[in-house]
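S.K.: Fit chain Z to the known structure of chain F by using the hints.
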Amino acid sequence: MTKVKTALAFLIGLTMASGAQARDQIEIVGSSTVFPFSTAVAEQFGRSSPFKTPVVEATGSGGGLKLFCAGIGLEHPDITNASRRIKPNEFQKCQANGIDMTEIMIGFDGIVLANAKGAAALKLTRQQIYLATAKMVPTPGQPCQSEACVMVANPYRNWRDIDASLPDSKIEILGPPPTSGTRDAFQELAMSKGANQFAYLKKLKKTDKSRWKKLTRTMREDGAWIDAGENDNLMVQKLSANPNAVGVFGFSFLDQNSDRLKGASIEGVPPSFDNIADGAYGISRSLYFYVKQAHIGTVPGIAEFVAEFTGAPASGEEGYLIDKGLIPLPFSARQKYRNDAKNLTKLSM
Amino acid sequence: MTDKIDIRSANPLAAQAYQARLKKRYRAERRFRAYGLAAIMTAGMILLFLLNAIIFASLPAFSHHYMRLDVEISTDYVSAQTPQEGNYLGLVRAALREQFPDVTARRDKRALYKILSLGAADGLQKRVMAAPDLVGTRVSLDVPLSDDIDLMLKGLIDRSLPQSDRIVSDRDLVWVDKLLAEDRITRKFAFALFTNGDSREPEMAGIRGALVGSLWTLLVTLIVSFPLGVLAAIYLEEVAPKNRATALIEVNINNLAAVPSIVYGLLGLAVFINFFHLPRSAPLVGGLVLALMTLPRIIIPTRAAFAAIPPSIREAALGVGASRTQVIMHHVLPLAMPGILTGTIIGLAQAAGETAPLLMIGMMAFIVDVPGDVTAKATVLPAQIYMWANNPERAFVARTSAGIVVLLTLLLVVNAAAIYFRRRFEKRW
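These protein sequences, in sequence, are chains F and Z.
For the first sequence, the working numbering begins at 5 and goes up steadily by one.
For the second sequence, the working numbering begins at 264 and goes up steadily by one.
Bound-form chain Z, shown alone:
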């Protein structure tokens, strides 16, 4: 230990070079850290910007302007015996006319009706159907305004522009101003966005049909791809001999995970619809197609989960006399479960955001009814978002962003579940 030399005192020149090198190394280190930080910051900023833009653009869709109307449920329009046949829109329009007694010409009346949504009478109809004894009485209710008037009230249509440059006419402005002065217009949360199926009227269009369609589709995907994927992985990892055939299968599975998803759509069209004659636009077919797509994405992480379990577990079980099946079912599979679940959930989350393969099998369609089972016509969330983006009505811009927010929330929940399962059951060796 005594012959250790401090090079700084022994050779001033070498010490200088040493110091310079050290500095250079530290500089390189700092630079490297700065690059990494810059990369994360850039990605974070882009993400923040995108999220911000989407959330900001979606805000108008979550509320809608309603107008308070006192409706005389006259027996001219509805009878208490057959409330389902009533002319409810006529009732609401008559009540609207009461507010504007000076509007008499047929053309003007038609223009006046346009400040109300076509779905203005839906709430009233529901109420009267539930309680037919309301017929003949007078009720006060809030009815939705049309999408254009709503946009104007939200400030998304500039009312200072000349009339020819905006969708809302000067006359509409006069009518709406009168209603505003009478304090009849209120802004409320747009429940329709979550309770309705699709519609061509933006204020009545809801995400529920697509959300339920997505859930049915994912259910089929899960039922098909989970057992198949896990069984395939067990066989390949635990049972199959390691030879050329299994190596070939392995390479192919890895390749399948990288196949563009539209290819699965074409396959689904050819096999499930044209050959097996399964119904078009159904979650059953959509789920099967997505299951094919998800299979390799389940098999690969499942195999990795099996491979991560120490051989000592298997050997110990075999040592006390367990059969191969018992080793797998009692020991390896339960221990690998957190990894399998994580892989499955992430695979499903990818499937939930998939549009391209569903385009081929008719799930990109205008469907009003909320699907009741896996063979009913249905669409899915990303397809719904795309269709809303293509609609000409201005109010669909906000609906599109709102749809994206719902889809992102769904994915966030699913991914959070994956993290939870991993944390909860993970074992470290």
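For reference, chain F alone in the conformation it holds in the complex:
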């Protein structure tokens, strides 16, 4: 029995000790797309500064902002990563909890559609991507210019059904799951943009936005779109094994697996470092992180960490994050965010 008593005493002691402890380690949450960059900076920062290596959690952009906006205090994270901008409702929630934040853009990320090296090359347009992935599409053969446009359940089973120039193979797309920011960005940048090339749908955006969103951003559920992992090494194996399959993921992943996969060109522009950096490639987005101002000075090292992240050795044109697949900001933009970080410019919306 004494053993049990000591064990309980030990545990209660630990609990009390931990409650009183101050935090000397930066806590970062958020997007799994920014995770590889954030962790690389964290590791470098831990090695080259007197501060402890920050802890980085991949919770997804939405999950990260939820944790971040929960409040001020050492039990809440200091920084959240996001593969999209903070939404107005998230911002209001943050404000309601008294949180002021600084927004830092770190670079760009392209979303690519890729298949196995040996498979037929894909030359897609965003309209074709929309037709291949959406649940409801305009009746085939209709120009869909006016109210007369009839939306039907997606009838396309083969790429060739969409356009004669596309390969004669079954449509089979492995994409990120609903929790992923990559999926949000894919829907917004590829599907909705592609859908807007139909005049009727473009008009619908102005007249009935919620219906437009539903029509252009709902994935088909007949098996042609498959929810798979995000940046998962299993995905490469699946794609190599099945020449019909097309995967949707971030550019850095294609970059690392260039000997096994090849990216589809979008509107004639292949996904490459330069094409994404200068905006020629159609499906690219900005990556961000948000810093909680109230924690600067309370948790040691935040300002120094942000300086490391925005510095030229990390996210400049020849920085180590570029080797990890980040597409850098133009010099002037990086300078602006560096200054924002230094001056603690408050984000307002």
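It is worth saying that the hints were derived from the structure and are not from the lab.
Predicted, not measured: the structure shown is a model, and the values here were computed from it.
For glycine and all other residues, C-beta sits at the position ideal for the given N, C-alpha and C.
Some clues are possibly wrong.
Below 27 Å or equal to it, Euclidean Cα-Cα: the simulated DSSO-like pairs (lysine-lysine) are [what the hints assert, rightly or not]:
#1 F:LYS121 / Z:LYS417
#2 F:LYS139 / F:LYS197
#3 F:LYS91 / F:LYS207
#4 Z:LYS372 / F:LYS328
#5 F:LYS56 / Z:LYS389
#6 F:LYS206 / F:LYS127
#7 F:LYS210 / F:LYS197
#8 F:LYS328 / Z:LYS417
#9 Z:LYS377 / F:LYS328
#10 Z:LYS417 / F:LYS242
So the derived label-pair ranges between C-beta atoms look like this [unchecked claim]:
#11 Z:SER427 / F:ARG215: 21 to 31 Å
#12 F:ALA307 / Z:ALA343: 43 to 53 Å
#13 Z:ILE318 / F:GLY75: 43 to 53 Å
#14 F:ASP282 / Z:ASP365: 32 to 42 Å
#15 F:GLY227 / Z:PRO523: 25 to 35 Å
#16 F:PRO181 / Z:ASP371: 40 to 50 Å
Reference listing, derived: stretches of chain F covered by chain Z, where coverage requires no fewer than 3 residues with Cβ under 8 Å from a Cβ of chain Z [said to hold, decoys possible]:
#17 50-58
#18 317-329
M.R.: What follows is chain Z alone, placed relative to chain F:
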């Protein structure tokens, strides 16, 4: 006995039918055995195939290519008085430049540095910190090459492909070939895999942080769930009256054992972190969550162990005047111990392989430092494996499998311990 008839001679027709039935029965028996054997063989083949695939895929992670460099520890980079502030990577890179005097342009030099790991100077730094009088001398040491070059040397990147299709450039190949011709490159066991914490550079990423994190977490789980589980089982089995209330508790315990583990994670987030304000990502919280999950898995086998002890033992003890507590503590508990230990160890082994509940409480995180106590930030083995599987760098594929091999070994050891305890202390009645 004399009126016994042999039906085969008495009625030839009946004998035939009898023979046919007998044959049919034997056939059914053989078929049944064949099904069983086929089931075992299939399961065995699948297991063998999986193990084979994992072990085969993990092999590249256990070795790494190193390059021998003669480094002049110049006082320009390091001073003997403050060796901790030295620029060791600069030293190693200068030594690398010596090997390739024709590389002069800034861009080319940057490309050249990339054949070495970012952790190339770690070994040198350790050596100089331990013996500052090395400053000013020339030492020969093996530094790790970068993950891409290492993969190429292991044959995992096909160098016959056109340059645009591989991560390693033609220029890198020329440099590496020169080093190979000079016999400077050796393949050695990758100790870093076992001595380092996590890293974003595959060649520096190690399993130690996660392994220690797992051990801290399991320690908390054991300390909490073992006494609670055993006490609960003793009370329910030996002390409590058999009535509706205890029957209800029993049903609930059995149900709890079947609750999906993610539910415990949500509970842990709500109670331990949001209400008690315990630290996120800490083995303390992880251990408490896993303890809740393990409790029913300890209570059930413990009760079974108590129930298996013959009542004669208790009656004999009571008969010579022992109190109820003495009966339990002196006789029943020691006799039930092998069963309790087996149940506990198997429960802990399950907890060791659990990821879902720890996701909710922040233990799925990038953590470089090896945790020193139960409140330090930590991750666990299965979470580490999952994170490595998600990294884009190719070399993490082998690391992932190596992580699985380490986890499987740990589980194998734990289960072997369970079998040993059972064999060692088991009593048959």
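S.K.: Each hint should be assessed against the structure and marked as holding or not.
M.R.: Comparing the hints with the structure gives:
1. F:LYS121 / Z:LYS417: It holds: about 22 Å lies between the C-alpha atoms, which stays within 27 Å.
2. F:LYS139 / F:LYS197: Holds. LYS139 (chain F) to LYS197 (chain F) sits at ~16 Å (cutoff 27 Å).
3. F:LYS91 / F:LYS207: holds (24 Å)
4. Z:LYS372 / F:LYS328: holds (19 Å)
5. F:LYS56 / Z:LYS389: holds (19 Å)
6. F:LYS206 / F:LYS127: Since the Cα atoms of LYS206 (chain F) and LYS127 (chain F) sit roughly 24 Å apart, the hinted pair holds (cutoff 27 Å).
7. F:LYS210 / F:LYS197: holds (14 Å)
8. F:LYS328 / Z:LYS417: holds (22 Å)
9. Z:LYS377 / F:LYS328: holds (12 Å)
10. Z:LYS417 / F:LYS242: Holds - the C-alpha atoms of LYS242 (chain F) and LYS417 (chain Z) are around 23 Å apart, at most 27 Å.
11. Z:SER427 / F:ARG215: 21 to 31 Å: violated (45 Å)
12. F:ALA307 / Z:ALA343: 43 to 53 Å: At 33 Å between Cβs, range violated.
13. Z:ILE318 / F:GLY75: 43 to 53 Å: Holds, at about 47 Å.
14. F:ASP282 / Z:ASP365: 32 to 42 Å: holds (33 Å)
15. F:GLY227 / Z:PRO523: 25 to 35 Å: holds (27 Å)
16. F:PRO181 / Z:ASP371: 40 to 50 Å: 43 Å Cβ-Cβ, so the 40 to 50 Å window holds.
17. 50-58: holds (count 3)
18. 317-329: Since three or more residues must qualify, the claim that chain Z covers the segment 317-329 of chain F holds, with 5 doing so at under 8 Å.
In terms of the numbered hints stated before, the structure departs from hints 11, 12, listed from lowest to highest.
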